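Just so we're aligned, residue 45 is where the sequence shown starts under our numbering, counting upward by one.
Treat the hints as calculated values from the structure; they're not laboratory data. Mixed in with the good hints, there may be bad ones.
[Unchecked claim] FRET-style restraints, in silico, Cβ to Cβ:
| no. | residue 1 | residue 2 | range |
| --- | --- | --- | --- |
| 1 | Thr51 | Ala76 | 33 to 41 Å |
| 2 | Ala70 | Trp106 | 37 to 45 Å |
| 3 | Gly98 | Thr64 | 37 to 45 Å |
| 4 | His142 | Leu122 | 17 to 25 Å |
| 5 | Leu114 | Arg85 | 34 to 42 Å |
| 6 | Cys135 | Val68 | 15 to 23 Å |
| 7 | Leu131 | Arg85 | 22 to 30 Å |
| 8 | Met115 | Ile62 | 34 to 42 Å |
| 9 | Gly82 | Ala129 | 23 to 31 Å |
| 10 | Gly100 | Leu55 | 18 to 26 Å |
| 11 | Phe81 | Ala109 | 32 to 40 Å |
Predicted, not measured: the structure shown is a model, and the values here were computed from it. Glycine included, every Cβ here is placed at the ideal spot set by N, Cα and C.
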Amino acid sequence: MSALSPTASTLVAGLAIIGTVYGVLAAAYPIAVAEYFGADRVAAVFGVLFTAWGVGGVLGPWASAWVYRLMGSYETALLAAAVAAGLATICSIGLPAHGPRHQADSE
Numbered sequence: 045m046s047a048l049s050p051t052a053s054t055l056v057a058g059l060a061i062i063g064t065v066y067g068v069l070a071a072a073y074p075i076a077v078a079e080y081f082g083a084d085r086v087a088a089v090f091g092v093l094f095t096a097w098g099v100g101g102v103l104g105p106w107a108s109a110w111v112y113r114l115m116g117s118y119e120t121a122l123l124a125a126a127v128a129a130g131l132a133t134i135c136s137i138g139l140p141a142h143g144p145r146h147q148a149d150s151e
């Protein structure tokens with residue numbers, strides 16, 4: 045049995061975690077966008093953000109299916125997604141705790 049094959053309980057736990065994180069992100073995005081780009085640019089930044097989200101939502105499943113047909117399993121696609129998530133996490137570590145708006149106020 046592959047390490048990536050879930051049991052029913054791990055599947056339910058994983059879905060619960062995904063749902064919770066998705067809900068938290070929905071609340072955190074507007075705050076982070078206003079913090080880093082200013083309240084006056086929230087609409088423009090959200091347009092770009094959700095366009096990228098939509099493109100990922102269309103291309104992600106297509107790319108996963110292509111990798112599945114090529115490799116015979118989803119392991120490579122899941123590994124690529126995990127690597128991308130890890131790189132995004134590393135990139136976000138370099139962000140300041142507060143956006144540029146607060147840094148300008150403190151100088």
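Now the hints, each set against the structure:
1. Thr51 to Ala76: 33 to 41 Å: 35 Å, holds
2. Ala70 to Trp106: 37 to 45 Å: 25 Å, violated
3. Gly98 to Thr64: 37 to 45 Å: 22 Å, violated
4. His142 to Leu122: 17 to 25 Å: 34 Å, violated
5. Leu114 to Arg85: 34 to 42 Å: 41 Å, holds
6. Cys135 to Val68: 15 to 23 Å: 19 Å, holds
7. Leu131 to Arg85: 22 to 30 Å: Hint holds: Cβ distance 26 Å, inside 22 to 30 Å.
8. Met115 to Ile62: 34 to 42 Å: Distance hint for Met115, Ile62 is violated at roughly 24 Å.
9. Gly82 to Ala129: 23 to 31 Å: 28 Å, holds
10. Gly100 to Leu55: 18 to 26 Å: 23 Å, holds
11. Phe81 to Ala109: 32 to 40 Å: 35 Å, holds
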